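Colleague: Sequence:
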Amino acid sequence: MLTRGLRSKNRTENLIAALDLGSNNCRLLIARPKKNGFKIVDGFSKIVRLGESVSSSRELSSSAMERTMKALSVCAELIVKYDVKYGRYVATEACRASINGEKFLSRVEKEIGITLEIIPSHEEAELTLIGCRTLLDNSCAYALVFDVGGGSTEISWVRLGSNVNPEIIDTISLPYGVVNLTETYGTPEISSKQYEILVGLIKNSIEPFEKKHSIKTKIKAGKVSMLGTAGTVTTIAAVQMGLKFYDRALIDGSWLDLSSIRNICENLVNSNFVKRASYPCIGKNRAELVVAGCGILKAICETWQASRLRVADRGVREGILTKLSELAIALEDTSVNKSYQCSVAQLLVPKTKRQNRKHGSK
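Under the numbering used here, think of the first position of the sequence shown as 108, with each following residue one higher.
Any given hint could turn out to be false.
[As the list claims (entries may be wrong)] In silico EDC-like cross-links for lysine to aspartate or glutamate, where the CA-CA straight-line distance does not exceed 20 Å:
hint, residue 1, residue 2
1, Lys430, Glu224
2, Lys323, Glu224
3, Lys330, Asp364
4, Lys391, Glu296
5, Lys217, Glu233
6, Lys323, Glu296
7, Lys430, Glu209
8, Lys153, Asp354
9, Lys192, Asp149
10, Lys319, Asp244
[Claimed, not checked] The following label-pair restraints were derived from C-beta to C-beta distances:
hint, residue 1, residue 2, range
11, Lys330, Gly307, 24 to 30 Å
12, Ile276, Val148, 44 to 50 Å
13, Lys217, Asn377, 44 to 50 Å
14, Pro227, Gly150, 22 to 28 Å
15, Thr294, Asn143, 41 to 47 Å
16, Lys177, Ile276, 36 to 42 Å
17, Gly268, Ile206, 40 to 46 Å
18, Lys188, Asn370, 24 to 30 Å
19, Glu230, Glu173, 25 to 31 Å
Hints listed in this document are in silico derivations from the structure and should not be mistaken for laboratory results.
Here the structure is a predicted model, which is why all the values come from computation and not from measurement.
Using N, Cα and C, we set each Cβ at its ideal position, and we do this for glycine too.
Could you build the full structure based on these sequences and the hints that come with them?
Modeller: Laid out in structure tokens, this is it:
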């Protein structure tokens, strides 16, 4: 959360916020709590490539940190502007994998006033699932949910049920994302040979997960729905639709059949940087990374050949907002037991600050 000194003095409503600092993007959402979810008030997203070179150096680079500081400053301004009451701000793979990640986040807190916490990969997967759960097909017994990030790829094997919330049976976090794979296998271009090596690497990495849960067998029996989230799948969906401008309302919740995924990925992989950048929904910022994303997606879809894939333009931030909204509503409900409200209030204070209320909630 922001320090008290940075907060606006004119609070008009109890807004909530979620910030997800990943290896490629810095993303913020501000929302109004509702009994059945939340309503987005404002948001911010910026490609910062914080995870640049981390796979080789194990350190966040100076240039990457400076780019990220600028983006986080914008986030802080928005949080102050809307006088956010409750927020949770998390960092993922880039900070998990780097030896100076904690030091960088301490600098962020000191200079900008945002307290970010590094969350483990299993919690990242849990928050992604919560954020995407309304898109899951509860007529199926299971779901395979994957999140292709900048520095890692999370895959969750999920049990579904019409009367219960989805439950993660198991999850795997691969230390491969679009940023570090692009750096490893070629930038700005990945050769055809290197691309196939990349696909093989991902297939080999997920094979033990497949053997453990016999997911292929359940897919053939029609018991599994697949859902993909993050930039790669949303980009493929936008290309399929031929969008001149990215439209989340059209992308989120849409479907991709495997033949379309295969054809679009093949076309992008066989195009050069300039051609890929010419796609309105790819542009120069993503043209370098999308090939690695296609490789990860190809490996997943060839290993688990479901007939189609649900596309989600949501994830960690929406998962955080869902939980914050539930807690905020409970805290402000006068019919709720006071002792329960006190325990809820504790949950709304960032874990790292429960012992030091200087940066706590209002």
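Colleague: Hints first: check each against the structure and report whether it holds.
Modeller: We went through each hint and held it up to the structure:
1. Lys430 with Glu224: holds, 16 Å
2. Lys323 with Glu224: violated, 36 Å
3. Lys330 with Asp364: holds, 17 Å
4. Lys391 with Glu296: holds, 13 Å
5. Lys217 with Glu233: Outside the cut-off at roughly 29 Å; violated.
6. Lys323 with Glu296: Roughly 33 Å between the alpha carbons, so the hint for Lys323 and Glu296 is violated.
7. Lys430 with Glu209: At roughly 25 Å apart (the allowed maximum being 20 Å), Glu209 and Lys430 break the hint.
8. Lys153 with Asp354: Holds. Lys153 to Asp354 sits at ~17 Å (cutoff 20 Å).
9. Lys192 with Asp149: The given pair, whose Cα atoms are some 15 Å apart, holds under the 20 Å limit.
10. Lys319 with Asp244: It is violated: about 23 Å lies between the C-alpha atoms, which goes past 20 Å.
11. Lys330 with Gly307: 24 to 30 Å: holds, 28 Å
12. Ile276 with Val148: 44 to 50 Å: violated, 35 Å
13. Lys217 with Asn377: 44 to 50 Å: For Asn377 against Lys217, whose Cβ atoms are near 48 Å apart, the range 44 to 50 Å holds.
14. Pro227 with Gly150: 22 to 28 Å: 25 Å Cβ-Cβ, so the 22 to 28 Å window holds.
15. Thr294 with Asn143: 41 to 47 Å: Holds, at about 44 Å.
16. Lys177 with Ile276: 36 to 42 Å: Cβ of Lys177 to Cβ of Ile276: about 40 Å, so the range 36 to 42 Å holds.
17. Gly268 with Ile206: 40 to 46 Å: holds, 42 Å
18. Lys188 with Asn370: 24 to 30 Å: violated, 44 Å
19. Glu230 with Glu173: 25 to 31 Å: holds, 28 Å
Violated hints, in rising order: 2, 5, 6, 7, 10, 12 and 18; the structure is consistent with all others.
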